[in-house]
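J.: Okay, here's what each chain looks like letter by letter:
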Amino acid sequence: MSRIHQRAICVSSGLAVPLLTLLAPNWLSLSGIGPCWVVLWLLPCALEEGPLSGIFSGFCQGLILDGVTLGGPTHIPILILLGFWWGRLGRRGIPIDGSLNLGLLSWIGSVLVGLSLWIQTWILESESSAHSFQVWGLHTVLAQGIITGLMAPIACSWLLLRWRKRS
Amino acid sequence: MGVPSWASPFRLRYWRRIWPWVLLSVGLAFVRLSKGAGFSDAYAFLSRPFWPGPAQREWIQKGMQLEQQARIRLLEEDNKRLREILSLDRSSKAGVVSAAVISRTPNGWWQQLELGKGQINGIAPGNAVLGPGGLLGTIKSVTPTTSRVRLLTAPGSRVGIWLPRTKRHGILIGVGTNRPLLRFLDKNPQAREGDVVSTSPASTLVPPNVPVGVIQSLENQAVPAPQANVQLIAAPEAIDWVQVQTR
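So the sequences go chain by chain: A and B. Count along the first sequence from 1, add 187, and you get the number used in my numbering. Count along the second sequence from 1, add 1, and you get the number used in my numbering.
With the rest of the complex left out, here is chain A:
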């Protein structure tokens, strides 16, 4: 991990994630579901900084997001895993910066985050075996995955470009 002042863009853009999560712009949503902002930030961050920074960034974002949401299910484990996975991908072979690759990776990330929250809610809430809960969970996972995947080529490419220019 580098010195914190050398990663000012990374840290400051990371602080925008909870604010965007709270802002939840209505015009940027699919069927009422907004993008998974943390995935759009963590993907370029981990690809550029490597697995150790990816794990740390995932952990920090998980702490913040757990703080600004209702509680119960936690974001931390899945974000740590994604940070590690994307960090390793970034350290191997050809740099990942194609729109399709970024879109696909962020779609997978968003679906995994959604599945993690869905399963945790399922376990924690005894009443969540209702049919309507399963329909809502599937709808939320798919809608969030699609909108995140569509936004990734723009948001992730821009962040990657900024970080590569800086370094």
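The set of hints was computed from the structure by calculation and includes no laboratory data. Keep in mind it's a predicted model, so treat the numbers as computed, not measured. Careful: at least some of the hints might be erroneous.
Stated by the list, open to error - Per the computed footprint, the stretches of chain A lying under chain B, defined by three or more beta-carbons under 8 Å from a beta-carbon of chain B, are:
hint: 1; segment: 217–228
hint: 2; segment: 240–253
What the hints assert, rightly or not - DEER-style ranges, computed between Cβ atoms:
hint: 3; chain 1: B; residue 1: Gln-70; chain 2: A; residue 2: Ala-195; range: 54 to 62 Å
hint: 4; chain 1: B; residue 1: Gln-120; chain 2: A; residue 2: Leu-291; range: 43 to 51 Å
hint: 5; chain 1: A; residue 1: Leu-239; chain 2: B; residue 2: Leu-186; range: 23 to 31 Å
hint: 6; chain 1: B; residue 1: Arg-74; chain 2: A; residue 2: Ser-344; range: 58 to 66 Å
hint: 7; chain 1: A; residue 1: Leu-239; chain 2: B; residue 2: Ser-35; range: 44 to 52 Å
hint: 8; chain 1: B; residue 1: Gln-66; chain 2: A; residue 2: Ala-203; range: 34 to 42 Å
Think of the CB as a built atom: it goes at the ideal place given N, C-alpha and C, for glycine as much as any other residue.
Given the coordinates of chain A, assemble chain B onto it according to the supplied hints.
T.: Frame of chain A, contents of chain B only:
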């Protein structure tokens, strides 16, 4: 005399390198434990110029007056003498705080509202939140200047309700969709589609006799007791001002 092992140049250099990250982690752990204190307050401060204006507030107050009329009709049906014998909490004892909705996520994983007033305005966890038409949810957590509302539709939300027509009790359970599940406590609730659902007149957690919703569909064969899907009267997607009932 040599340099102590803990202060060897390598370790010192390593510590100098990681201490900002350790400090950041401790700070974020504080954010997590305080349920977003700092972040929610910063968001409230930054978004203050865009908060809904007073025109919407007047519209909401008109809606609230209509709701009050419906509530009075329900209260008339109440047995006043019985309430006095039972020494139940009266809603008139509670204070009301109007608060702007500064963030809303009524459809995603976290079905919550963020309000622009908090602990310093007397809001506390567990307080009921009312919108035009009826109950919206309850306060889950507070920071000094903001508070977070768990909507009735959120998974994990449970509120005791009753049917004024048949005087049968049930529990309204949030399952994520726009229509929460009403699980009756009786095997034969004598409910039908279109029945109005309100908070229990014996409720001490939420204000008594507040309209909540209308039964949309019934499942009489459900086990262990019949259940129903309820369409809420107050829609969180369109509300810019709410009223918090403080105790």
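J.: How does the coverage statement for the segment 240–253 of chain A fare against chain B, requiring three or more residues with Cβ below 8 Å from a Cβ of that chain?
T.: holds (count 6)
J.: Quick one: are Leu-239/A and Ser-35/B within 44 to 52 Å, going by C-beta?
T.: At roughly 28 Å between Cβ atoms, Ser-35/B and Leu-239/A fall outside 44 to 52 Å, so the hint is violated.
J.: Evaluate the given range 23 to 31 Å for the C-beta pair formed by Leu-239/A and Leu-186/B.
T.: 54 Å, violated
J.: Does the Cβ-Cβ separation between Arg-74/B and Ser-344/A fall within 58 to 66 Å?
T.: 59 Å, holds
J.: For the pair Gln-70/B and Ala-195/A, does the Cβ-Cβ distance stay inside 54 to 62 Å?
T.: Holds, at about 57 Å.
J.: At the C-beta level, are Gln-120/B and Leu-291/A separated by a distance inside 43 to 51 Å?
T.: At 44 Å between Cβs, range holds.
J.: Test coverage of the segment 217–228 of chain A by chain B using CB-CB distances below 8 Å; three residues minimum.
T.: Since 4 is at least three, the answer is holds.
J.: Does the hinted range 34 to 42 Å hold for Gln-66/B and Ala-203/A at CB?
T.: At 41 Å between Cβs, range holds.
Violation of the numbered hints given earlier is confined to hints 5 and 7; the remaining hints are satisfied by the structure.
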